[in-house]
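Enquirer: Sequence:
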Amino acid sequence: MPKCVLLVVDVQTALVNEHPYNERKVIENIKNLISVARDHEKEVVFVRHDDGVGTELEYGTDGWQIYDEIAPNKDEKVFEKQYNSAFLKTGLKEYLDTKNVNSIILVGMQTEYCIDTTCKNAFEFGYKLIIPEETNTTFNNEYLSGEKLYEFYNFKIWNKRFASVLPVDQAINILKENNS
Numbered sequence: 016m017p018k019c020v021l022l023v024v025d026v027q028t029a030l031v032n033e034h035p036y037n038e039r040k041v042i043e044n045i046k047n048l049i050s051v052a053r054d055h056e057k058e059v060v061f062v063r064h065d066d067g068v069g070t071e072l073e074y075g076t077d078g079w080q081i082y083d084e085i086a087p088n089k090d091e092k093v094f095e096k097q098y099n100s101a102f103l104k105t106g107l108k109e110y111l112d113t114k115n116v117n118s119i120i121l122v123g124m125q126t127e128y129c130i131d132t133t134c135k136n137a138f139e140f141g142y143k144l145i146i147p148e149e150t151n152t153t154f155n156n157e158y159l160s161g162e163k164l165y166e167f168y169n170f171k172i173w174n175k176r177f178a179s180v181l182p183v184d185q186a187i188n189i190l191k192e193n194n195s
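Oh and the sequence shown: position 147 is 162 in our numbering, straight run, nothing missing.
Don't read these hints as lab results, they were simulated from the structure. Incorrect hints may have been included.
[As the list claims (entries may be wrong)] Straight-line alpha carbon distances no greater than 25 Å define the calculated SDA-like cross-link-like pairs of lysine to any residue that follow:
no., residue 1, residue 2
1, K92, T28
2, K135, N99
3, K114, I81
4, K171, Y128
5, K171, V183
6, K135, S179
7, K57, E84
8, K171, T132
9, K171, N37
10, K135, E109
11, K57, D184
12, K108, D65
13, K114, V51
14, K40, V183
15, K175, E127
16, K191, N117
17, K143, I187
18, K40, E162
19, K57, K114
20, K135, N117
21, K171, D131
22, K92, H55
23, K135, L181
24, K40, F177
25, K135, E166
26, K135, P182
27, K114, I187
Take these sequences, add in the hints, and give me the full structure.
Expert: Here it is in structure tokens:
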């Protein structure tokens, strides 16, 4: 039977501690989605980025750890990555295929890097993609604020092209469905 998973990408201590746009709301929404998924026996899959030796996301460091408020349970799968895509050289696609996954609820960091790349790769692989509002975030940069980046990618780039960007409540209802 086809099913849906919640994919949590790069919500890591070093990134959250830098206080991205809408940080608390995003963390609370992700926590709620994880709780509902677990309560309704939907799989939660985590992806964690290793940015290399000497970086804030160096493998094994405190900053590299998945943020404690949303930490995976011992039985939940965690994929390690070194690229913007959660799929590139991680085994994620093969794993999802063995689980007969056909749709992904995608949340995490950073909007314009790993979430964007993962979104587009998932689309190209044929997954139905749902991105709940206020569940991905990023930082201000020299060109745009974190808020503008969030709005641009969620509502201009992804919605109705690569994914369905839905209110969190609708994503929660999808996780509660028996057939997903």
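Enquirer: Compare the structure with each hint and give your call.
Expert: Hint check results:
1. K92 - T28: holds (18 Å)
2. K135 - N99: holds (11 Å)
3. K114 - I81: holds (23 Å)
4. K171 - Y128: The given pair, whose Cα atoms are some 16 Å apart, holds under the 25 Å limit.
5. K171 - V183: Measuring from Cα to Cα gives roughly 18 Å; hence the hint holds.
6. K135 - S179: holds (12 Å)
7. K57 - E84: holds (19 Å)
8. K171 - T132: holds (15 Å)
9. K171 - N37: Between K171 and N37 the Cα gap is close to 19 Å, so the pair holds against 25 Å.
10. K135 - E109: The given pair, whose Cα atoms are some 17 Å apart, holds under the 25 Å limit.
11. K57 - D184: holds (16 Å)
12. K108 - D65: holds (19 Å)
13. K114 - V51: Holds, because 19 Å separates the two Cα atoms, which is no more than 25 Å.
14. K40 - V183: Holds, at roughly 11 Å.
15. K175 - E127: holds (17 Å)
16. K191 - N117: OK: K191 and N117 at ~16 Å, within 25 Å.
17. K143 - I187: It holds: about 16 Å lies between the C-alpha atoms, which stays within 25 Å.
18. K40 - E162: Roughly 13 Å separates the two Cα atoms, so the pair holds.
19. K57 - K114: holds (11 Å)
20. K135 - N117: The hint holds at about 15 Å.
21. K171 - D131: holds (12 Å)
22. K92 - H55: This hinted pair holds, its Cα atoms lying about 17 Å apart.
23. K135 - L181: holds (17 Å)
24. K40 - F177: Answer holds: K40 to F177 is near 24 Å, not above 25 Å.
25. K135 - E166: holds (17 Å)
26. K135 - P182: holds (20 Å)
27. K114 - I187: Holds, because 21 Å separates the two Cα atoms, which is no more than 25 Å.
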